[in-house]
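Peer 1: Residues per chain are reported as follows:
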Amino acid sequence: MQEHSAQEAHVHAPPEGFLRKHVFSLDHKVIGKQYYGLGLTAVIIGMVLSWLMRFHLVWPTARIPGLELFSKAGAPGGVITPEYYLSLMTMHGTLMVFFVLTNAPFAGFGNYFLPIQIGAEDMAFPRFNMMSFWTTFVAFVILIAAFFIPDGPPISGWTAYAPLSAVGNDAGPGLGWGQNLWGISIAVFCIGQLLGSLNFIATTLDLRTKGMTLMRMPASTWAWFITSCIGLMAFAVLLPACLLLILDKNAGTSFFIPAGLVVGDKLQPHAGGSPLLWQHMFWFFGHPEVYIAILPAMGIVSHVLVASMRKPMLSAKVILYSMMSIGFLSWLVWGHHMFVSGMNPFSSLLFSFPTLTITIPATIITLIWLGSLYGANIQINSASLFALGFISMFVSGGISGFFLAQPSIDIYLHATYFVVGHFHMVMGVAAIFGIFSGTYFWFPKMSGRMMNETLGKLHFWFTFVGTYCIFMPFHYLGLVGNVRRYSSFVDDFMAPLLPVHKFITIAAFITGGAQIIFLFNLVYSRFRGEQAPANPWNATSLEWSMPSPPPWDNFGGKHPVVYHDPYQYGVKGSKGDYVMQDSPEAIVEE
Amino acid sequence: MATTTFPSVPPAAPPLPPQDSGTKIVGKKPRPTSHSQSGVWVGIFAITMSFAAFTSALYVRQGSGDWIHVIVPRLIYMNTGVLLLSSITLEMARRAFLRAPELERGAIRNSLLWLGITLAFGLAFVVGQYLVWRQLAAQGLYLATNSNSSFLYVLTGVHALHVLGGITGLSRLIVRMIPKHVTLRRSSVTNTVIYWHFMGVLWLYLLLVITVRL
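Protein chains in written order, with our numbering: chain R, 3 to 592; chain B, 253 to 466.
Among these hints, one or two may not hold up.
[As the list claims (entries may be wrong)] Away from chain B, derived, C-beta distances all over 12 Å, residues of chain R:
id, residue
1, 46
2, 127
3, 192
4, 258
5, 403
6, 456
7, 493
8, 530
[Unchecked claim] Across the chosen pairs, the derived CB separations fall in these ranges:
id, chain 1, residue 1, chain 2, residue 2, range
9, B, 464, R, 493, 33 to 41 Å
10, B, 304, R, 369, 31 to 39 Å
11, R, 254, B, 351, 52 to 60 Å
12, B, 304, R, 414, 28 to 36 Å
13, R, 362, B, 433, 39 to 47 Å
Everything labelled a hint here was simulated from the structure, so no lab data went into it.
All figures in this text were calculated on a predicted structure; none of them were measured in a lab.
Note that CB positions come from ideal geometry on N, CA and C, so glycine has one too.
Bound-form chain R, shown alone (with noise of 0.2 Å):
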């Protein structure tokens, strides 16, 4: 029988009523899976998306049958014009960095676990954490709307470059109401997730059950507290700048917009306006979200990796020092995207030192997984299989990040697929690869069934191999010097680059195909998969001391009292080789 505190849990009443369980629901782990689903979502639609631009790109003048039902302007008689291209690329980025990669590992799977991991009943502020999730919500639904609006969605990138984006329907089609949709959707969003962070950081400072100091909570729920803490720096930042951007392009302005500016043949009416901040503005909030991305996927795959090897880390905690020390160094790196931009020179060589730093603790993190490994009997599973895949794309799109950080080279790769292949290897596909870990671990605790392992390991193989063929020939091209942002590549001495792109094409087809196993087992484990045991991988942290899926108030209205650092694996327990943190026993070594 594990030891409960005394203190009685004050939780919000039982919920009542389909809306409240299921829609405006206050609990945290209905909002964690609301989040994921919304990821879900955006990332069919930023991959449908993806689709469309890989196959203009090599086949730029064929037909795609009804998308001209979608879009007459941007794909007249079904064939993708330059501009929609550009269109499609502005909304595959803002759909896959936003919406995706902040939503699933952090919003998604933190609010789900972090107050369960920390032996919690709930999120600090609960109607708050409802509240960010459906601002989250609200600003999808306006990103998407840009797609219908006669505008259509902006041609200036996920970045929304300045003045460009700031001057109208002058400087392109998307760029009035489109523009307008896009600043406002970000502005909407920067307020969910600084919510959203407000509510992480607050629940883990204060709703720690008895015994769970700081140092015992799982590298995950590190990994989420560190991204809330950037998250609320960064997205405090991006808001402000959202709102300038709108301000410029709507009531006349010159924030951003410099003065004598001809763009479409007209001289624009603004003065004095500087480009550049919009840039030092954005890449601010930018490089941080990167490891918004990027450190809960860590964190996740810590988390899997330990209880799969059945052995501690090498050092948990040196790992966590460096979380923070990638978390402190982010703040001072964001240049990095901007050597080209016209900065001072001297500003590159400041920005490339600690660019080059942060190299330093995620080498160690890196280092220490593969060091613990060693030796390990290490469990293989769809969870383990994407935790080590984690490892493999972060080490081959992080290898890259040498290249870059560096101005001298960066000058030459900067406009090139060299880039491209480089952020979707080391924070998209990475990061993805560590959301579907974790939905595989933690599938069984949140639905109370198992997920089909064949089903898991052919998407791993499908998905491993493909990413590798999408990703790995964007750095060959890039280094011929195969620009990128292009809709079409017909120039002669790009021409001999098309069978590389065709490949990469058919490729991305195969692999996105591949991910429909993914969500038929999702579907599938659902309704039809295992019953689920409370404990099914024989894991040490809080969650998998609870029934699957969890009762609504988490620990039956008691808050568990934790005794163990949150890894006890390799050890005599009364279970077996590892003892749970919330079991008074002993820790004999084995």
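Guided by the hints, dock chain B onto chain R, whose structure is given.
Peer 2: Positioned in the frame of chain R, the structure of chain B alone reads:
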């Protein structure tokens, strides 16, 4: 969010878990659950960060060289006085409330009175800021007239929005204090008070930026 009837009696300290296992409990003293005090400070940090971003933007923008100083209407100083006074009256309200452990009606009424005055001052500040905008407009200074007027409108506007958030918090306290059976957490009062004082501090900072830089 759960509410407990004030005054909330702190729960008895939980019995120490068994120590015979040799496991060291690094526990903390029991805390009232769901009563987060950190939230308001975290929020204040985020707002500070946003205004730091505005300030950095102001400095960068000033480098463009088209900086034309704005003469700020004097009314803005009166508004400052009103906002600072409201902090004092709110402090009176807080003290009246916290000094009444048994929640005597008299003490609550006293607290309500001070809260009402604070609310009136808060509203007066926002209206006053709007009148400052009107006076600026009368001078021919609109949002888009020049970079200085742009920043002036943005900084005062965004600050006023945050003050309106504080006014909502004050109204919530008043609504909760009016019924005979008061259900209000001590932390709700403290958090609202901290936020309101921060609005004053933030305004003093912005006033400094506005008078020195704009």
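Peer 1: Each hint needs a verdict: does it hold in this structure or not?
Peer 2: Verification of the supplied hints:
Residue placement check: residue 46(R) keeps its beta carbon more than 12 Å from all beta carbons of chain B (closest about 32 Å). At the 12 Å boundary, the C-beta of residue 127(R) falls inside the reach of chain B, the nearest C-beta of that chain being 6 Å off. With a closest Cβ-Cβ approach of about 9 Å to chain B, residue 192(R) is found to fall inside the 12 Å limit, against its non-interface label. Not every Cβ of chain B is farther than 12 Å from the Cβ of residue 258(R); the closest lies at roughly 9 Å, contradicting the non-interface assignment.
Residue-level check passed: residue 403(R) sits 26 Å from the nearest beta carbon of chain B, beyond 12 Å. Non-interface status of residue 456(R) relative to chain B is upheld: no Cβ of that chain comes within 12 Å, the nearest being about 41 Å off. The beta carbon of residue 493(R) sits about 38 Å from the closest Cβ of chain B, which is more than 12 Å, so the claim that it is off the interface holds. A cut-off of 12 Å between C-beta atoms confirms that residue 530(R) is not in contact with chain B; the least separation is 38 Å.
For the pair residue 464(B) and residue 493(R), the supplied restraint of 33 to 41 Å is violated, since their beta-carbon distance comes to about 54 Å. As the Cβ distance of residue 304(B) to residue 369(R) is approximately 36 Å, the hint placing it in 31 to 39 Å holds. Restraint check, residue 254(R) to residue 351(B): a C-beta distance of roughly 53 Å satisfies the suggested window 52 to 60 Å. The hinted window of 28 to 36 Å between residue 304(B) and residue 414(R) holds, with their beta carbons roughly 35 Å apart.
Separation of residue 362(R) from residue 433(B) is about 59 Å and departs from the stated range, judged on CB atoms against 39 to 47 Å.
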